[in-house]
Each structure stands twice: as structure tokens, then as C-alpha cells.
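Respectively, the protein sequence lines represent chains W and B.
Residues in the first sequence are numbered from 1 upward in steps of one, following our numbering.
Residues in the second sequence are numbered from 186 upward in steps of one, following our numbering.
Worth double-checking, as some hints may not be accurate.
Said to hold, decoys possible - Rough simulated footprint, nothing fancy, chain W against chain B, three-plus residues with beta-carbon under 8 Å:
(1) 221-233
(2) 275-284
(3) 307-316
No lab work stands behind these hints, which were simulated from the structure alone.
Note that the structure is a prediction, hence the values are computed from the model and not measured.
Idealized CB from N, CA, C, for every residue including glycine.
There are 2 protein chains.
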Amino acid sequence: MRVMGVDPGLTRCGLGAVEGRPGAPLSLVAVGVVRTGADEELGARLVGIEAGIEQWLDDVRPDAVAVERVFSQHNVRTVMGTAQAAGIAVLCAARRGLPVALHTPSEVKAAITGSGTADKKQIGAMVTRLLRLSEMPKPADAADALALAICHVWRGGAQHKLAQAVARAQSRTAQGRTTGKGVAL
Amino acid sequence: MRVMGVDPGLTRCGLGAVEGRPGAPLSLVAVGVVRTGADEELGARLVGIEAGIEQWLDDVRPDAVAVERVFSQHNVRTVMGTAQAAGIAVLCAARRGLPVALHTPSEVKAAITGSGTADKKQIGAMVTRLLRLSEMPKPADAADALALAICHVWRGGAQHKLAQAVARAQSRTAQGRTTGKGVAL
Numbered sequence: 001m002r003v004m005g006v007d008p009g010l011t012r013c014g015l016g017a018v019e020g021r022p023g024a025p026l027s028l029v030a031v032g033v034v035r036t037g038a039d040e041e042l043g044a045r046l047v048g049i050e051a052g053i054e055q056w057l058d059d060v061r062p063d064a065v066a067v068e069r070v071f072s073q074h075n076v077r078t079v080m081g082t083a084q085a086a087g088i089a090v091l092c093a094a095r096r097g098l099p100v101a102l103h104t105p106s107e108v109k110a111a112i113t114g115s116g117t118a119d120k121k122q123i124g125a126m127v128t129r130l131l132r133l134s135e136m137p138k139p140a141d142a143a144d145a146l147a148l149a150i151c152h153v154w155r156g157g158a159q160h161k162l163a164q165a166v167a168r169a170q171s172r173t174a175q176g177r178t179t180g181k182g183v184a185l
Numbered sequence: 186m187r188v189m190g191v192d193p194g195l196t197r198c199g200l201g202a203v204e205g206r207p208g209a210p211l212s213l214v215a216v217g218v219v220r221t222g223a224d225e226e227l228g229a230r231l232v233g234i235e236a237g238i239e240q241w242l243d244d245v246r247p248d249a250v251a252v253e254r255v256f257s258q259h260n261v262r263t264v265m266g267t268a269q270a271a272g273i274a275v276l277c278a279a280r281r282g283l284p285v286a287l288h289t290p291s292e293v294k295a296a297i298t299g300s301g302t303a304d305k306k307q308i309g310a311m312v313t314r315l316l317r318l319s320e321m322p323k324p325a326d327a328a329d330a331l332a333l334a335i336c337h338v339w340r341g342g343a344q345h346k347l348a349q350a351v352a353r354a355q356s357r358t359a360q361g362r363t364t365g366k367g368v369a370l
């Protein structure tokens, strides 16, 4: 099972893909970051995030996508951009009929380190060990994306095939739906 | 100048387009709502919103798109979905090189009614009068989308051509940018 993790953000959107299954060694597929400039218009930034994620989906061809669940208690100044970047990741995956899972930061921390309150350094250290890397992936957003993907491999297991079938069916429904508008052009 | 307004939401995303220029009568182009089911997966809902907005952009062919600016002080339970629907509207417009403007609810209220604290009914009444409609557009999300579009026509004016040129240039930059990732497939 190949999973792509997304740690959403407008300035740095962490992306990481791993291959594995519960109870077997994991391997790194790809890790990196899509960046957009803080001085750009919101529209250009969202187009940049979408283009980056689309390129990754083309290259990595994951079986599922795991995105960090964003809460409104997050950093208030950046939470809207983070939510929008997360929405675009979910949209890109769903458009392809890929199953999408949202995991909270504490679910990911607990899965990777055994503690829901682990810090960034601990997450980075465990990701490095679990993927048998020679050094910690940087920046932290990239390591967090790998942690999300690993969390999903371990939580996924048997539920995966069912979720995939449901996602495909829902994607078909959503694309075929009429929009019920009253146009008077 | 033809402007499409978007009152973002996952359950009901209001859309409304008007034609006009500052100091001249306005006319209605289209008004309606894109709906998605609260029981659907987030991915399917976002795909539905995108498909609806794309269809509208194809039909309406606006010169600019005005989207309500979402704040984290909004209804906490729904704010993430609202932010994500807004992000998709901005993305769809920016992908086409259309200029996008974000207006706050109080800017819209002040532009349409003269008061930044006007209620929904007052907004609906003014939209109905300004567009010389026989009845108030329903639901309120549809009327709010028209109010956004009217606000933008009135605020737009001379800034429009400049914004359009900037948006086109930024759209080209964003689409051509490489994502700076380190892939190890």
C-alpha cells in the first residue's frame, strides 16, 4: 500500500509518500515541500499548491492520501490558508477517486511515537528510524507529511479496500450531479 | 463589467452574477446555489463544489469573481468547510486568470445598505431593489452572493483593468513554477 501524506500550508505544504503495510518494514517513496510566496495573491498561491500536488499524485501514484485535519484552534493568523491548502489536497485526491483520510496531529503523534503530545523533534527522529534514513527529513513539514503517511499505513490495513470503493462511488456521484441553479443569461 | 459573487459554504454555496458599472443600473445575470449533502465525504463535497463553480464560470463568463472573506471568528463548527469552499472558488477563478477579490461581510453590507451591521433581510431587500427583481432571491446565500457581486462592481471601477493584468501574470507564474521536491521513487 502506497500512501501520500500532506501537511497542509500555503507557505510550505509538506508532502511525503511511503510504501508499506501493517507489520512489515516501511520504505520511503518521496519527500518534499511545495512552497508559495507570502507576497503572492491568494489565488496564485492556491493554483501553485494545486499544481504541486497534482504533479506529486502523477509521479507517486498513491493508493490513498492522508491529510492533517485542521482545527480552528490552530494559529488564527494562518488557519484559513492552512484549511484552504488542506481542502485542495482533499479535492485533488477525491477528483481521482482516491480514498482520503483526515488524521489529527495527536493521532499521528500517538501512532508514530506512542505519545499524543510528542514534539516535532521526536516525530522527526521516529520517521527517520522507521524509514531507515541516514538523516532527518527537512523541513519539519516534510517529516510531518511522512508521519501522516506512516500513521495511515498502520491505521489503514483492512479498511483500505472498502474506503477505496466508497470513494470511487462518491466521486462518480459528485461529478455527475447537476447544480440546481436558475440561470437567466 | 460582469461579476460573479460567491457566498461560500459546503451545504449551500451561493452564486450570483450581475452586469453593471459604477453609476449605471445593474442587471441580474444568474442566481442560484450549489448544494452538497452533509452525509457525503468531504472529498466528494469539494469535488461537487468545484464542478458547480466551474459550470457557472463556463456559463456566466465573468470578468471578475468576488468571494466572501472568511474569518476564524465565524461559526466554529462550519468555518473549516466554509474556508475550503471559499478556497475552491478562488482557485477556480485564478486558474482561468480571472481577478479575484475578497470582501468582508461588513464591507458588503456597507456597500449595499449603507450600514456595516445590516441584517439578512435588509441585504435581500436592497438586492431585490437594485436589480429590479419581482421577488427576493432565495435562499439567503443566493442573495448574499448577488450582494457580493454588486459590492464588487461598485468598488471595482478603475482598479479592474490593473487587477486583471496582475492576476493573469501571477497565474502564469504559479502554473509554470517547479515544486522543488526531492523524489526518490
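Check, residue by residue, whether the region 307-316 of chain B contains three or more positions whose beta-carbon lies closer than 8 Å to a beta-carbon of chain W, and give the verdict. violated (count 0)
Would you check chain W against the region 221-233 of chain B, counting CB to CB pairs closer than 8 Å, and say if three or more residues qualify? holds (count 10)
Using a Cβ cutoff of 8 Å, are there at least 3 residues of the region 275-284 of chain B near chain W, or does the coverage claim fail? holds (count 5)
In terms of the numbered hints stated before, the structure departs from hint 3 and from no other.
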